[in-house]
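K.L.:
Each chain is listed here by its residues.
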Amino acid sequence: MSNQSMFHIRTEEAPLLPAPVSTTGVIGWMRQHLFSSIGNTALTVVGILIAYSIIAPFIQFAFIDAVWTGDNREACLPQDGGHSGACWAYVEAYFPQFIYGRYPTDEVWRVNIVYALFALLLVPLAIPSAPYKRTNAILFLVIFPIVAYFLLTGLVIGGTVILPIVETAVWGGLLVTLVIAVTGIVASLPLGIALALGRRSKMPIIKLVSIIFIEFWRGVPLITVLFMSSVMLPLFLPEGVTFDKLLRVLIGVTLFSAAYMAEVVRGGLQAIPKGQYEGAMALGLRFWPMMYLIILPQALKLVIPGIVNTFIGLFKDTTLVLIVGMFDLLGQIQSSFTDPTWSTPSQGHTGYLFAAIVFFVFCFGMSRYSIFMEKKLHTGHKR
Amino acid sequence: MSKKILPLVIGAAMGVAATTAAGATTLEDVKVKGFIQCGVSQGLPGFSNPDAQGNWTGLDVDLCRAMAAAVFGDASAVKYTPLSAKERFTALQSGEVDVLSRNTTWTMSRDTQLGLNFAGVNYYDGQGFMVRKDLGVTSALELSGASVCTNTGTTTELNVADYFRANNMPYEIVAFEKADEVVAAYDAGRCDVYTTDASGLYAQRLKLTNPGDHMVLPEIISKEPLGPVVRQGDDEWFNIARWTLNAMINAEELGVSSENVDNMKSSDNPSVKRLLGVEGAFGEAIGVSNDWAYNIIKNVGNYEESFNANVGPDTPLGISRGVNALWSKGGFLYAPPVR
Chain A
1 MSNQSMFHIR TEEAPLLPAP VSTTGVIGWM RQHLFSSIGN TALTVVGILI AYSIIAPFIQ
61 FAFIDAVWTG DNREACLPQD GGHSGACWAY VEAYFPQFIY GRYPTDEVWR VNIVYALFAL
121 LLVPLAIPSA PYKRTNAILF LVIFPIVAYF LLTGLVIGGT VILPIVETAV WGGLLVTLVI
181 AVTGIVASLP LGIALALGRR SKMPIIKLVS IIFIEFWRGV PLITVLFMSS VMLPLFLPEG
241 VTFDKLLRVL IGVTLFSAAY MAEVVRGGLQ AIPKGQYEGA MALGLRFWPM MYLIILPQAL
301 KLVIPGIVNT FIGLFKDTTL VLIVGMFDLL GQIQSSFTDP TWSTPSQGHT GYLFAAIVFF
361 VFCFGMSRYS IFMEKKLHTG HKR
Chain B
1001 MSKKILPLVI GAAMGVAATT AAGATTLEDV KVKGFIQCGV SQGLPGFSNP DAQGNWTGLD
1061 VDLCRAMAAA VFGDASAVKY TPLSAKERFT ALQSGEVDVL SRNTTWTMSR DTQLGLNFAG
1121 VNYYDGQGFM VRKDLGVTSA LELSGASVCT NTGTTTELNV ADYFRANNMP YEIVAFEKAD
1181 EVVAAYDAGR CDVYTTDASG LYAQRLKLTN PGDHMVLPEI ISKEPLGPVV RQGDDEWFNI
1241 ARWTLNAMIN AEELGVSSEN VDNMKSSDNP SVKRLLGVEG AFGEAIGVSN DWAYNIIKNV
1301 GNYEESFNAN VGPDTPLGIS RGVNALWSKG GFLYAPPVR
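For the record, the sequence lines run as chains A and B.
In this text, residue positions in the first sequence follow my numbering: the first is 1, and each later residue adds one.
In this text, residue positions in the second sequence follow my numbering: the first is 1001, and each later residue adds one.
Only chain A is shown next, with the shape it has when bound in the complex (with noise of 0.2 Å):
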């Protein structure tokens, strides 16, 4: 105490200096990141020029030299000589028709309603704060189907015409693909479990049968599902008997995803301990309470990632359905090709450009979603 004149005291903290440039902000970021030791600074400097190089002709070609109004190929041809770019206004052009297929115009608001339904119901399904899951579900799952049969193929009751009938071979582009791919994704996953829990089974035949059914539909290219359903049937039937094409094919792709949807959900069920079925049956519960309640909540859980797998696998698979002569978007963008009004060099670049941007939304879509549903369900497990 006596000694305080003899030693220098600070009474007050001394100012925060700011970080030195180089470690705070931009700079120390990417010095931190991108240019910490020199083999690092090789790697950026390459991977900068690898970016440029894919993105700088990307973006010349989908907006700079793009096309973006016309009324046929004229306008999209290379200006003197050099390479043209995205010819945005043959999109335009057949815009309807990659979302109707070839769906009568004056009947497409029935489309657009189940188009909107879809959104309307699947939107506060997929919501988990929304209320009244109940009830929408069944909307969704049971009313939804009905309707949208009746609003798509038409409704005739004793010979009035409510709805005209519209045949599905004139279906095509998005609605296609979404009816392909909502009803094998809706239809397989309980398919798939009621598989998986049969494999699972003690009762022999159930076994049995599951197997089979499993084994035989993993066996077999889809490709070839669909072939078979469109090739092989027909002349298995008598002469004049004809199955729906589009019925054939979602028969086709339910069945086959089902069969790898059971697979998937087989790993689940096996991850769950032992203990968690003596639990169960130690409540008293029976087997459907015990799988309803305990076993399948956990083991669907574990498997989303692979779920969503199937899902995402599905939809692009809907795209084999060109080779039994049904248009998904793919086909009808292909079979736009054709048309020699908008033949032109950069006519099947823009068309396969699009079609990626579309098949992208809608699989990063389930993607994402799918990993939100993991958080919020994410019960101590994750790490």
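Bear in mind the hints are in silico, worked out from the structure with no lab data behind them.
All figures in this text were calculated on a predicted structure; none of them were measured in a lab.
Derived pair list, reagent style DSSO-like, types lysine-lysine, alpha-carbon separation capped at 30 Å:
| id | chain 1 | residue 1 | chain 2 | residue 2 |
| --- | --- | --- | --- | --- |
| 1 | A | K316 | B | K1086 |
| 2 | A | K202 | A | K301 |
| 3 | A | K316 | B | K1178 |
| 4 | A | K316 | B | K1079 |
| 5 | B | K1178 | B | K1223 |
| 6 | B | K1086 | B | K1033 |
| 7 | A | K375 | A | K316 |
| 8 | B | K1033 | B | K1298 |
| 9 | B | K1298 | B | K1079 |
Keeping the supplied structure of chain A fixed, place chain B upon it in accordance with the hints.
P.N.:
Only chain B this time, still in chain A's reference frame:
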């Protein structure tokens, strides 16, 4: 009996329509359902391709429309089934389509072994070559040592091999899976020559950066007669298909077009009178009305009109008549007379 009923019951239970009653002739079936089910390609420019409005157009499509005009007097009474190359014959055999008008090459095996009949030829196609003009080549025989772009695993590739070997010319094949890739490779200069069916050459030329810099050589190295196909054993329907095509060709030969057909009805030319049903009962003989050919020409047009509207010089395809001109103008088209 039960064998036939079971699938029907299953079909009915699954919400399926039985389109035709077994046993009836194709013409009766078509008349009952009110339209012709026409098998077309999944898109071949100028022959059968959907336009931006979703309507099918093309030379092959016009033949189906002409058949509908002959049967119903209404060219729009057609429904189209796009078929892949693999499923086209099955679709016809199984009755899914009534007529296959899908750039199908008439070959002996197809005509005799598949239970099908070709009703005629509506386009004489053949494999041709396209080269850059600045190559300075005017004949395929000057292509010695050239690199040739083509599709893999098709008869196209085999035809090229045959042709170059027969003429003792070395060559190099650059083959790709899809037509788009072949065109892109040719456009990028990876090969000197692009070969496929001549009609396809004209269609693919539109996808080149500078179509004007390329030319199709005169040599045709394979025979690809394309025509409509019907089921074997139904002669009545076969006659309608065959004579619809013949009527269009005869109409061109006699100078009857969709524009002058009404005036031509009062023509003094007996051939025109017979064609248009003013004289004789030729329509009834094949099971349709006597003004069948009038309806075809009025609604669809003669062969020349159909050709010019779909593939002719004024369309983007710009195909000249060549061997598809009338016999009287140096081509192959020749229809037996109506009498």
